[in-house]
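Go ahead and model the full structure; you've got the sequences and the hints to work with.
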Amino acid sequence: MGSYVLRRVLQMIPVFFGATLLIFLMVYTLPGDPIAAMFGDKAADPATVANLRHKFYLDQPLWKQYLHYMGNVLTLDFGTSFTGRPVSEIMADAFPVTIRLALVAFFFEIVIGLTLGLLSGLKRGSFADTLVLVLTLVVISIPVFVLGYIAQTIFAIDLGWVTATVQDSKDITQLILPGLVLASLSLAYVARLTRTSIGENLRADYIRTATAKGLPRRTIIGRHLLRNSLIPVVTFLGTDLGALMGGAIVTEGIFNIAGVGNILYRAINQKEGPTVVGVVTVLVLVYLVASLVVDLLYAVLDPRIRYA
1 MGSYVLRRVL
11 QMIPVFFGAT
21 LLIFLMVYTL
31 PGDPIAAMFG
41 DKAADPATVA
51 NLRHKFYLDQ
61 PLWKQYLHYM
71 GNVLTLDFGT
81 SFTGRPVSEI
91 MADAFPVTIR
101 LALVAFFFEI
111 VIGLTLGLLS
121 GLKRGSFADT
131 LVLVLTLVVI
141 SIPVFVLGYI
151 AQTIFAIDLG
161 WVTATVQDSK
171 DITQLILPGL
181 VLASLSLAYV
191 ARLTRTSIGE
201 NLRADYIRTA
211 TAKGLPRRTI
221 IGRHLLRNSL
231 IPVVTFLGTD
241 LGALMGGAIV
251 TEGIFNIAGV
261 GNILYRAINQ
271 KEGPTVVGVV
281 TVLVLVYLVA
291 SLVVDLLYAV
301 LDPRIRYA
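Anchor point for the sequence shown: position 238 equals 238 in full-length UniProt numbering, and the numbering is continuous, going up by one each time.
Source of the hints: derived by calculation from the structure; they are not laboratory data.
Be a bit skeptical, because a hint or two may be false.
Stated by the list, open to error - Derived lysine to any residue pairs resembling SDA-like cross-links, with alpha carbons at most 25 Å apart:
no.	residue 1	residue 2
1	K271	I112
2	K123	G222
3	K170	V250
4	K123	Y28
5	K123	E200
6	K123	F236
7	K55	T20
8	K64	M12
9	K170	I112
10	K55	M12
11	K64	T20
12	K170	L283
13	K64	L285
14	K64	R53
15	K170	R266
16	K123	V234
17	K170	T196
18	K213	G199
19	K64	F82
20	K55	R266
21	K55	L25
22	K123	P216
23	K64	T75
24	K170	I110
25	K170	P86
26	K55	R7
27	K271	T281
28	K170	V234
29	K271	K123
30	K170	F155
31	K123	K55
In structure tokens form, the structure reads like this:
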């Protein structure tokens with residue numbers, strides 16, 4: 001087990017450097033001068049521009065810029081934004097908000113998605129199964145921004161159950177509606193994936209054997225069927241946690257949440273390279289750690305899996 005974890009951590013290193021390199025190249029090779037953009041329509045003093053380019057290391061070749069950035073990242077220094085504020089300080093304000101929102105969405109994704117998938121998988125061909133398939137297909141077909149505006153209009157404006165925008169991101173109750181909107185697409189996929197996995201395992205030999213031995217239905221479902229059926233679902237959930245954080249741009253924009261998505265959107269519009277690269281670097285780490293945790297959970301769900 002220890003050797004497997006060590007191998008997986010070592011495999012994460014080139015993936016991390018490769019992903020950050022691609023992001024760095026994409027951000028810093030975009031057309032336009034971010035320093036000139038800071039002054040807008042005003043004429044900038046050439047000496048001031050040169051000084052700022054030197055300050056942000058933009059007067060160096062791209063490969064030197066990347067090495068300089070990664071050297072700072074290893075000391076947890078993500079640089080300074082073009083506004084003069086440390087990127088780590090910006091992320092310290094934004095990430096807790098998005099983490100709370102993502103955890104609320106993740107809760108809905110697990111509870112509602114697994115419940116619907118289990119119900120649909122155990123009663124395939126029934127009215128409940130058909131209803132789940134239709135509802136999840138509708139959710140998948142509707143874009144998140146449309147679903148968000150519909151939810152906002154119905155529950156905030158028409159019914160007045162919640163505020164139209166999030167006033168206090170520390171109040172979990174205000175994050176319920178945006179969390180549900182953020183989780184909607186993933187929730188539908190979890191339900192359909194769980195249904196398919198349960199349907200396949202219901203026809204497996206070990207389920208027929210457990211039934212023939214006279215084991216209680218609760219034991220068959222909980223100990224045998226569900227644990228084996230959850231392996232592909234856990235894989236999806238593990239990678240989706242990072243996707244929820246990175247994909248919160250639309251939801252945070254609709255509900256005016258000052259999280260990572262909002263910060264990232266504004267940074268891209270303003271050509272804030274250091275902020276964009278810093279945020280995406282942390283998101284890459286979230287993906288990699290989530291992937292490692294998922295791999296380790298396989299042996300818990302299915303004891304037949306062994307790490308060589």
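Quick rundown of the hints versus the structure:
1. This hinted pair does not check out: K271 and I112 have alpha carbons roughly 39 Å apart, beyond 25 Å.
2. Restraint check for K123 and G222: the C-alpha separation of about 16 Å stays at or below 25 Å, so the hint holds.
3. Proximity of K170 to V250 is assessed by CA-CA distance (about 20 Å); at most 25 Å being required, the pair is judged to hold.
4. Taken as a hint, the K123 and Y28 pair is broken in the structure, with Cα atoms around 53 Å apart against an allowance of 25 Å.
5. Under the criterion of a C-alpha separation no larger than 25 Å, the hint pairing K123 with E200 is consistent with the structure, at around 13 Å.
6. Between K123 and F236, the direct Cα distance comes to roughly 23 Å. Compliance with the 25 Å bound is thereby established for this hinted pair.
7. Between K55 and T20, the direct Cα distance comes to roughly 22 Å. Compliance with the 25 Å bound is thereby established for this hinted pair.
8. In summary, the hint linking K64 to M12 is supported, as the alpha carbons are separated by about 23 Å, within the 25 Å threshold.
9. Taken as a hint, the K170 and I112 pair is honoured in the structure, with Cα atoms around 23 Å apart against an allowance of 25 Å.
10. Proposed proximity of K55 and M12 is contradicted: the alpha carbons are some 32 Å apart, above 25 Å.
11. Of the supplied pair hints, the one linking K64 and T20 holds, its CA atoms being roughly 14 Å apart against a limit of 25 Å.
12. For a cut-off of 25 Å, the pair hint linking K170 to L283 stands: about 21 Å separates their Cα positions.
13. Between K64 and L285 the alpha-carbon distance is near 22 Å, which keeps this suggested pair within the 25 Å criterion.
14. Among the hinted pairs, K64 with R53 is consistent with the structure: their alpha-carbon atoms are about 14 Å apart, no more than 25 Å.
15. Distance restraint check for K170 and R266: the Cα-Cα separation of roughly 22 Å lies within the 25 Å cut-off, and the hinted pair is therefore satisfied.
16. Annotation: proposed proximity of K123 to V234 holds, straight-line Cα distance about 22 Å (limit 25 Å).
17. This hinted pair does not check out: K170 and T196 have alpha carbons roughly 37 Å apart, beyond 25 Å.
18. Proposed proximity of K213 and G199 is supported: the alpha carbons are some 21 Å apart, at most 25 Å.
19. Simply put, K64 and F82 have alpha-carbon atoms about 19 Å apart, close enough for the 25 Å limit, and the pair holds.
20. Under the criterion of a C-alpha separation no larger than 25 Å, the hint pairing K55 with R266 is consistent with the structure, at around 22 Å.
21. Between K55 and L25 the alpha-carbon distance is near 19 Å, which keeps this suggested pair within the 25 Å criterion.
22. Note on K123 and P216: the hinted pairing holds, with a Cα-Cα distance of about 18 Å set against a maximum of 25 Å.
23. Under the criterion of a C-alpha separation no larger than 25 Å, the hint pairing K64 with T75 is consistent with the structure, at around 17 Å.
24. With a C-alpha separation of about 22 Å, the suggested pairing of K170 with I110 holds against the 25 Å cut-off.
25. For the hint linking K170 to P86, the alpha-carbon distance of about 23 Å falls within 25 Å, and the restraint holds.
26. Under the criterion of a C-alpha separation no larger than 25 Å, the hint pairing K55 with R7 is inconsistent with the structure, at around 39 Å.
27. This hinted pair checks out: K271 and T281 have alpha carbons roughly 17 Å apart, not beyond 25 Å.
28. Distance check on the hinted pair: K170 and V234 sit about 28 Å apart at the alpha-carbon level, beyond 25 Å; violated.
29. The straight-line distance between the Cα atoms of K271 and K123 is roughly 52 Å, outside the 25 Å bound, and the hint therefore fails.
30. Between K170 and F155 the alpha-carbon distance is near 20 Å, which keeps this suggested pair within the 25 Å criterion.
31. A distance of roughly 64 Å separates the Cα atoms of K123 and K55; the hinted pair therefore is violated under the 25 Å criterion.
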